[in-house]
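Sequence lines, in order, name chains A and B.
Counted the way my numbering counts, the first sequence spans residues 1 to 573.
Counted the way my numbering counts, the second sequence spans residues 1 to 603.
Be a bit skeptical, because a hint or two may be false.
As the list claims (entries may be wrong) - Among the chain A residues that face chain B by a calculated CB cut under 7 Å, a handful are:
1. V50
2. S54
3. Q72
4. R87
5. T99
6. E195
7. E213
8. V221
9. A236
10. S251
11. L268
12. I380
Hints in this document: simulated from the structure, not taken from any laboratory.
Remember, it's a predicted structure, so these values are computed and weren't measured experimentally.
For every residue, glycine included, the Cβ atom is placed at its ideal position computed from N, Cα and C.
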Amino acid sequence: MRNFLSSRKWAYALSLLSIVISEFVMVQFPNLLGNFTNTLQTHHLSRAVVLHYSFLLLVVGVLYVLLYGFGQLRNGQLGRQFEYELRRRLFEHWESLSTAYFRKRSIGDLLNHALNDVRTVREALSGGLNILTNALFLLTATLIMTFRTVSPKLTLVSMIPLVFLPLFVIWWGPRIRNASRRAQEALSDMADLTEESISAIRLVKATANEHIEAHRFERRVDVIVRRQMSVFRQSAMFQSIIPFLGSISFSIALLYGGYLTITGQIHLGGFVAFTLYLAMIIQPLQQMGFVFNQFQRASASLARLEVLFSEMPDITNPENPVEVDIQGAVTVSLPKFRYPDGDRDALANVSFTAAAGETIGIVGRTGAGKTTLVNLLPRIFDPPAGSVFVDGHDVRTLRLETLREAIAYVPQDGFLFSTTIRENIGFSKENATEEEIIRAAQSASFWNEIEEFPEGLDTVVGERGVSLSGGQKQRAAIARAFLKDAPILILDDSLSAVDMNTEKRIIAAIRELRQGKTTIIIAHRLSAIRHADQILVLDDGTLLEQGTHEELLAHSGIYASMVALQEGEEALA
Amino acid sequence: MSTNDVTKRPSASFQSLLRLLPYAKPFRMHFILVMVLVVIFNGTNVLQPWLVKVAIDRDLSTANPQIHGLVVISALYVGSVVIGVVANYFQILVLQFSGQSIIRTIRLDLFRHIERQSMGFFDTNAIGRLVTNVSSDTETVSQFFTNFFLSMIRDGLSLVMIVVAMFELNVRIASYAMVLIPLLFLISLLFRKQLRQRYQRTRTRLSNIVAFLAENLAGIRIIQIFHQEKRQARHFNVLNTAHREANVAEYQLSVIFNRTFELLGNAAVAAIVWIGGIAVLHHTILFGTLYAFISYIRQFFQPINSITQQWNTLQSSMVAADRIGQVLMVEPTVVDPPQPAVVSDEELEGQVEFRNVSFGYKADRPVLRHIDFTVRPGQLIGVVGATGAGKSSVMSLLTRFYDPNEGQIVIDGMDIRRLSQVDLHRIVGLIQQDVYLFSGTIADNIRIFRQEISDDEVVEAARMVGAHEMISRLPQGYQTMLYGKGANLSMGERQLIAFARIVALNPRILILDEATANLDSQTEELVSQGLQAVSHNRTTLVIAHRLATIRSADLILVLDKGRIVERGTHESLLALGGLYADLHAKSGIEYKPEETVHPMRRS
Numbered sequence: 001m002r003n004f005l006s007s008r009k010w011a012y013a014l015s016l017l018s019i020v021i022s023e024f025v026m027v028q029f030p031n032l033l034g035n036f037t038n039t040l041q042t043h044h045l046s047r048a049v050v051l052h053y054s055f056l057l058l059v060v061g062v063l064y065v066l067l068y069g070f071g072q073l074r075n076g077q078l079g080r081q082f083e084y085e086l087r088r089r090l091f092e093h094w095e096s097l098s099t100a101y102f103r104k105r106s107i108g109d110l111l112n113h114a115l116n117d118v119r120t121v122r123e124a125l126s127g128g129l130n131i132l133t134n135a136l137f138l139l140t141a142t143l144i145m146t147f148r149t150v151s152p153k154l155t156l157v158s159m160i161p162l163v164f165l166p167l168f169v170i171w172w173g174p175r176i177r178n179a180s181r182r183a184q185e186a187l188s189d190m191a192d193l194t195e196e197s198i199s200a201i202r203l204v205k206a207t208a209n210e211h212i213e214a215h216r217f218e219r220r221v222d223v224i225v226r227r228q229m230s231v232f233r234q235s236a237m238f239q240s241i242i243p244f245l246g247s248i249s250f251s252i253a254l255l256y257g258g259y260l261t262i263t264g265q266i267h268l269g270g271f272v273a274f275t276l277y278l279a280m281i282i283q284p285l286q287q288m289g290f291v292f293n294q295f296q297r298a299s300a301s302l303a304r305l306e307v308l309f310s311e312m313p314d315i316t317n318p319e320n321p322v323e324v325d326i327q328g329a330v331t332v333s334l335p336k337f338r339y340p341d342g343d344r345d346a347l348a349n350v351s352f353t354a355a356a357g358e359t360i361g362i363v364g365r366t367g368a369g370k371t372t373l374v375n376l377l378p379r380i381f382d383p384p385a386g387s388v389f390v391d392g393h394d395v396r397t398l399r400l401e402t403l404r405e406a407i408a409y410v411p412q413d414g415f416l417f418s419t420t421i422r423e424n425i426g427f428s429k430e431n432a433t434e435e436e437i438i439r440a441a442q443s444a445s446f447w448n449e450i451e452e453f454p455e456g457l458d459t460v461v462g463e464r465g466v467s468l469s470g471g472q473k474q475r476a477a478i479a480r481a482f483l484k485d486a487p488i489l490i491l492d493d494s495l496s497a498v499d500m501n502t503e504k505r506i507i508a509a510i511r512e513l514r515q516g517k518t519t520i521i522i523a524h525r526l527s528a529i530r531h532a533d534q535i536l537v538l539d540d541g542t543l544l545e546q547g548t549h550e551e552l553l554a555h556s557g558i559y560a561s562m563v564a565l566q567e568g569e570e571a572l573a
Numbered sequence: 001m002s003t004n005d006v007t008k009r010p011s012a013s014f015q016s017l018l019r020l021l022p023y024a025k026p027f028r029m030h031f032i033l034v035m036v037l038v039v040i041f042n043g044t045n046v047l048q049p050w051l052v053k054v055a056i057d058r059d060l061s062t063a064n065p066q067i068h069g070l071v072v073i074s075a076l077y078v079g080s081v082v083i084g085v086v087a088n089y090f091q092i093l094v095l096q097f098s099g100q101s102i103i104r105t106i107r108l109d110l111f112r113h114i115e116r117q118s119m120g121f122f123d124t125n126a127i128g129r130l131v132t133n134v135s136s137d138t139e140t141v142s143q144f145f146t147n148f149f150l151s152m153i154r155d156g157l158s159l160v161m162i163v164v165a166m167f168e169l170n171v172r173i174a175s176y177a178m179v180l181i182p183l184l185f186l187i188s189l190l191f192r193k194q195l196r197q198r199y200q201r202t203r204t205r206l207s208n209i210v211a212f213l214a215e216n217l218a219g220i221r222i223i224q225i226f227h228q229e230k231r232q233a234r235h236f237n238v239l240n241t242a243h244r245e246a247n248v249a250e251y252q253l254s255v256i257f258n259r260t261f262e263l264l265g266n267a268a269v270a271a272i273v274w275i276g277g278i279a280v281l282h283h284t285i286l287f288g289t290l291y292a293f294i295s296y297i298r299q300f301f302q303p304i305n306s307i308t309q310q311w312n313t314l315q316s317s318m319v320a321a322d323r324i325g326q327v328l329m330v331e332p333t334v335v336d337p338p339q340p341a342v343v344s345d346e347e348l349e350g351q352v353e354f355r356n357v358s359f360g361y362k363a364d365r366p367v368l369r370h371i372d373f374t375v376r377p378g379q380l381i382g383v384v385g386a387t388g389a390g391k392s393s394v395m396s397l398l399t400r401f402y403d404p405n406e407g408q409i410v411i412d413g414m415d416i417r418r419l420s421q422v423d424l425h426r427i428v429g430l431i432q433q434d435v436y437l438f439s440g441t442i443a444d445n446i447r448i449f450r451q452e453i454s455d456d457e458v459v460e461a462a463r464m465v466g467a468h469e470m471i472s473r474l475p476q477g478y479q480t481m482l483y484g485k486g487a488n489l490s491m492g493e494r495q496l497i498a499f500a501r502i503v504a505l506n507p508r509i510l511i512l513d514e515a516t517a518n519l520d521s522q523t524e525e526l527v528s529q530g531l532q533a534v535s536h537n538r539t540t541l542v543i544a545h546r547l548a549t550i551r552s553a554d555l556i557l558v559l560d561k562g563r564i565v566e567r568g569t570h571e572s573l574l575a576l577g578g579l580y581a582d583l584h585a586k587s588g589i590e591y592k593p594e595e596t597v598h599p600m601r602r603s
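Please work from the sequences and hints to get the whole structure.
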């Protein structure tokens with residue numbers, strides 16, 4: 001914020017200067033009309049004089065509009081530039097933060113910062129600044145003019161009520177802010193309840209509980225109405241007091257100025273000009289109140305943004321990273337792992353070693369810790385020091401880029417971006433050739449279907465494009481990982497939505513493509529890991545069984561029973 | 001937040017706003033009062049320059065000025081200001097109260113309407129979208145009833161009053177001033193289309209930013225693992241720049257538009273001074289009249305400015321009203337009969353029959369075909385089959401989440417379509433695989449916020465399913481707040497709560513969709529005991545994922561591709577040597593040692 005302002009100080013100086021000058025032009029307006037009145041009073045008025053004055057008024061009017069318009073335009077542009085830069089920095093900052101950070105926050109909340117907080121700051125910085133400059137200098141210019149050309153006495157006396165204006169604003173502003181914060185809270189309460197209720201709609205319907213839900217909803221809505229009304233009461237008072245004070249000023253001017261005129265201490269022209277001056281500054285004073293509010297809100301938004309920016313990436317490069325060419329040997333020797341925000345260990349006593357080029361299968365129930373385990377490898381979550389090693393080096397001592405460069409990952413949900421299939425598959429390699437992309441798609445058994453899309457590789461995925469099936473998404477994500485061709489490949493239950501034949505083809509492709517490279521496969525369907533060099537069976541965060549398919553079958557433990565159960569189910573399907 | 005990224009639909013029109021007009025009807029007296037208050041406020045505003053004119057012409061510029069008249073005028077001035085301010089204060093309150101009450105009603109209607117929809121509606125409408133409809137679209141629409149309405153009344157009236165006052169003062173000069181009106185219209189017309197286009201372009205580009213951010217924040221892990229931070233930042237920059245450009249372009253035009261108006265206003269003052277000055281010169285008007293004219297001309301522009309600013313309000317209100325209207329227009333596909341049959345709990349037996357039922361979520365894709373079975377009161381039947389065989393659809397039909405395409409579902413001889421849905425859901429209870437928990441206390445989650453279920457009954461229900469101990473161990477016991485949809489409970493604990501809930505509601509017929517989630521052995525024990533307690537004394541349909549659960553069921557239905565392929569008891573099905581026997585043989589090795597699995601028994 002400060003950086004931005006200081007780097008643009010000349011631009012701001014220029015636009016503010018232009019507004020300031022425009023105000024000094026503007027205050028000539030009443031002055032001209034006052035002089036005009038005086039000429040009229042002294043019977044020196046002629047056609048030429050009338051023409052002269054109206055021409056001067058026109059010049060003042062045009063000049064003011066041009067100068068003020070210029071300043072306003074420049075400030076607005078600067079504010080929008082600021083908005084742009086703030087969003088840019090915010091996104092880049094977010095990109096540097098770890099998954100642990102995003103686990104704690106809702107995306108809606110973050111979007112709120114990126115949209116509303118940024119906009120609030122911008123509004124204060126462009127519109128608010130315009131109005132504030134306008135108001136302050138109009139006031140100054142007016143005071144100078146009235147002191148010089150009308151009467152210092154009249155100015156002092158009739159401006160007395162206006163002294164209370166800023167005081168009132170400072171006293172009342174926070175009350176409105178508090179009230180609207182509470183109203184906002186009530187609003188989000190209601191939105192939360194709505195979401196909760198609709199998510200649980202099956203339960204609500206199955207228990208004929210609609211009326212109870214409606215009642216709960218109604219209570220939230222009533223709170224909103226109450227709190228909103230309190231906001232409106234506060235702000236109605238605010239909006240009434242300010243013009244009221246202005247009008248008191250005006251009445252004093254009328255009475256005392258009139259008296260001065262009658263007693264001949266000022267000319268009628270001076271009186272006329274003075275009333276016009278007052279009329280001119282009441283609106284800016286009123287706006288000053290709004291601007292004050294705007295600045296209050298903006299400072300709150302800015303504070304929230306600063307909190308965001310002050311969040312330091314917790315998974316960072318080590319100070320003196322070990323430089324290696326990663327081959328893909330993986331060693332895990334984990335006494336325990338707990339999520340930063342967790343209250344129990346997600347993993348305990350998990351140890352295994354995989355030589356470079358081996359295939360590891362991981363099985364276990366939902367929540368057994370499979371994903372957690374593989375997430376430690378690319379440091380999506382940071383393992384404790386000395387527990388996860390790649391090629392014999394603690395992953396925490398490697399350069400983050402080197403480490404992640406060496407790992408290809410297929411997430412559970414096959415997350416894709418809503419761009420083209422080409423861009424999704426080529427995500428890891430910006431200048432991937434068409435050939436490479438096609439080959440990756442073929443290996444992932446996805447190419448045949450891509451060919452059938454009218455737009456082929458340029459088919460847009462997601463919201464505004466073709467919506468892919470779960471299996472297609474998974475295969476696109478697999479192709480993306482294939483293209484990366486990294487020493488270590490992790491498939492996190494990425495075959496759950498493809499049918500058995502496709503799964504077989506993909507597994508065959510993996511065995512061929514991944515020769516000499518390390519592959520870690522998490523699977524529910526055991527057929528996917530049958531051929532692994534080593535199978536790990538996790539349960540409740542601990543490693544229960546470990547060995548090849550045959551060894552584990554012979555052991556007749558959990559793995560063996562899982563195999564039997566699945567074969568049974570497959571017979572049914 | 002996301003209301004701001006309205007992608008405008010071509011059907012958005014004033015019509016959709018008019019359709020919401022009946023909501024304002026109960027407040028027509030309020031709106032009339034607002035109008036009266038606005039008239040008072042505007043009247044005092046118009047009066048003020050006139051008072052000054054009187055002061056100038058009568059008291060100040062005469063040969064022998066008098067202070068007495070000035071005092072009277074000043075007093076009148078203060079009086080008019082006080083009246084105006086008070087009127088304005090109450091106008092704000094009355095109008096906002098009406099606006100808030102209108103959204104309140106719209107929100108309640110919308111919420112009730114959404115909850116009334118059949119399950120098919122929720123299959124096709126995203127929750128986030130519905131929440132936006134309820135929370136922000138209503139807010140936007142209310143601006144139509146407050147800001148827009150007020151502007152039309154207040155600013156429209158101001159214009160009329162100013163024009164009338166000018167004609168009162170001097171017809172000739174006033175008619176000259178009227179030249180402004182076509183000019184203003186012309187300028188507005190010239191700018192309007194461009195203004196709207198630029199406004200919408202900015203909106204669209206902002207919503208692109210939102211969509212990009214939402215997606216990339218959700219996929220931040222992928223970006224980081226694939227190490228594509230720079231590339232995504234570049235993408236973002238393209239969208240961000242496009243938005244900035246549109247935003248600046250929109251702003252520029254609106255500044256030019258507003259300054260053009262102001263320029264016209266200033267030119268008008270110069271013209272009035274010229275025309276009026278000549279008139280004063282020829283003594284056709286007094287100087288005070290000229291003064292008043294200058295004030296009026298300046299006042300004239302304020303309402304016009306304000307009205308043009310309401311344009312955006314109108315636009316966004318129309319879009320929001322359109323979206324609300326589209327939700328309100330949907331009629332639930334499952335409806336109550338006009339005169340529902342009356343059922344008394346005492347006479348209820350709990351016999352369930354499916355008579356030749358066929359069903360598909362889409363007409364051309366049957367999920368169930370000719371399903372025919374009977375469950376006698378108090379019996380327990382199990383439904384087994386592979387994923388996608390149609391087990392869950394059986395459950396959805398009995399609860400009337402959907403209506404069958406063919407055939408009948410009958411409880412105690414009565415087609416369930418003859419019952420009101422409230423009655424049906426009182427009779428038929430459901431335990432789903434996923435346990436939904438509300439943010440609230442454990443007790444509230446068991447009684448699902450029903451006041452008529454007492455604390456004692458809650459505890460009793462929890463005791464029956466064996467959840468009492470678990471709950472008592474929690475620091476606040478039954479008053480423990482569940483946050484984040486029960487994130488502070490384990491899977492098994494959540495299931496026990498769901499069981500307790502059913503016991504508290506006490507339906508005659510129970511459908512139990514067995515959870516597939518694997519539980520640790522301790523809770524598995526607890527849960528299977530809970531299951532038995534729940535099925536006790538009820539007609540129970542179990543959708544089983546573990547054969548052991550239904551071994552002693554009175555009847556087992558084996559579903560395959562939407563048909564019942566086998567039926568019978570565990571023993572008879574084994575003897576049959578078909579699909580069930582096959583399945584049973586292959587699952588011979590139980591995942592859990594046999595002893596810990598409690599088959600559900602008849603009591």
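Now the hints, each set against the structure:
no. : hint : result
1   : V50  : 4 Å, holds
2   : S54  : 4 Å, holds
3   : Q72  : 6 Å, holds
4   : R87  : 5 Å, holds
5   : T99  : 5 Å, holds
6   : E195 : 5 Å, holds
7   : E213 : 6 Å, holds
8   : V221 : 5 Å, holds
9   : A236 : 4 Å, holds
10  : S251 : 5 Å, holds
11  : L268 : 6 Å, holds
12  : I380 : 6 Å, holds
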